[in-house]
Every structure is written in structure tokens, then in C-alpha cells.
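*Asks:* Turn these sequences into a full structure, and let the hints guide you.
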Amino acid sequence: MFVPASPAVRLGVAVALMSLVAPAAAKTRPDNLVAAGKPVDCVQINNIRQTDVRDDRTIDFILNGNKVYRNILPNSCPSLGFERRFMYKTSLSQLCSVDIITVLYSSPDLMRGASCGLGKFQPMVKTK
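According to mature numbering (1 follows the signal peptide of the UniProt record, and there is no 0), the residues represented by the sequence shown are -26 to -1, 1 to 102, in order.
Since the hints were derived computationally from the structure, they do not count as laboratory data. Do not take every clue at face value.
Stated by the list, open to error - Below are the DSS-like pairs computed for lysine-lysine, each with C-alpha atoms no more than 27 Å apart in a straight line:
(1) K41 with K94
(2) K63 with K102
(3) K63 with K94
(4) K41 with K12
(5) K100 with K12
(6) K41 with K102
(7) K12 with K94
(8) K102 with K12
(9) K63 with K12
(10) K63 with K41
*Replies:* Shown next as C-alpha cells:
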């Protein structure tokens, strides 16, 4: 006999399914960028215009002049691809491959999640 689930159970299932689908969708996004040149250790913070979190290991840093540097983290960073937001602290004017990022959860107080190391910054260019 089928017993309908309560609204709370349906909501919980919907949220759980969305958390599974979002990271998968991020991994299947079209990528029109290819590596161009040798990776660098650091980028200037004041040149970072925006970031594009692609998945749990990949962040594209878009710099002034539409220069794109892809950072592939050495290890997967839990919830990075789902939350798509992070913070970093540095005393330098550069963000470097030795620095750590921390995932920020979309709660009212932006609760901190996993902290993960960055990789090198690979210059990227758009394909035709």
C-alpha cells in the first residue's frame, strides 16, 4: 500500500536530489578554454575581477583584460562545486599555489566549510 510522504520528507528528498545534481551539472558544463603557456605560482589579487567555480577541484580566475587562469586543486574540495563560493586570507598582494581557500556555505552567516589548498594557475585561452 502506498502512503504519501509528508511535505517535510518530500522537501528533504528534493534538497538531497538537488545536492547530487548540481555538482554533476557543473562537471558537464561546456568548456571552451584550452591551456596556453606554462602554469604560474601566483596571481595578483587586485587583478582578480571574478571567479567561476566549475566543480569541486576547478576554479577559473578571470582577471582584468579577460585573462583567465584555471586553478585545479590538488585534491577535491568538498562542497566547493555545489556552493560555488569561497574565501581566502593572505598577507600578500598575491594569491598563490601555497594558499588555502575555505568553502562558504550559503547560510545567513556564511558558515565555513572545508579548507583546501590551491594548485598552480594555468593560463587559458578561448577556443574558436
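*Asks:* Given the proposed pairing of K41 with K102, does the C-alpha separation stay at or below 27 Å?
*Replies:* With Cα atoms ~16 Å apart, K41 and K102 stay inside 27 Å; holds.
*Asks:* Keeping to a limit of 27 Å between CA atoms, is the pair of K100 and K12 held or broken?
*Replies:* Within the cut-off at roughly 16 Å; holds.
*Asks:* Holds or violated: are the alpha carbons of K63 and K94 at most 27 Å from each other?
*Replies:* 17 Å, holds
*Asks:* Hinted pair, alpha-carbon criterion (27 Å max): K63, K102. Please report holds or violated.
*Replies:* 36 Å, violated
*Asks:* Compare the distance between the alpha carbons of K41 and K94 with 27 Å, and conclude whether the hinted pair is satisfied.
*Replies:* 15 Å, holds
*Asks:* Please verify whether K63 and K41 have alpha carbons no more than 27 Å apart.
*Replies:* Holds, at about 23 Å.
*Asks:* Does K12 sit within 27 Å of K63, going by the straight-line distance between their CA atoms?
*Replies:* Within the cut-off at roughly 25 Å; holds.
*Asks:* Within 27 Å, alpha carbon to alpha carbon, are K12 and K94?
*Replies:* 10 Å, holds
*Asks:* K102 and K12: Cα distance at most 27 Å?
*Replies:* 21 Å, holds
*Asks:* Between K41 and K12, is the straight-line Cα distance small enough, at 27 Å or below?
*Replies:* 14 Å, holds
Violated hints amount to a single one, hint 2; each of the other numbered hints is respected by the structure.
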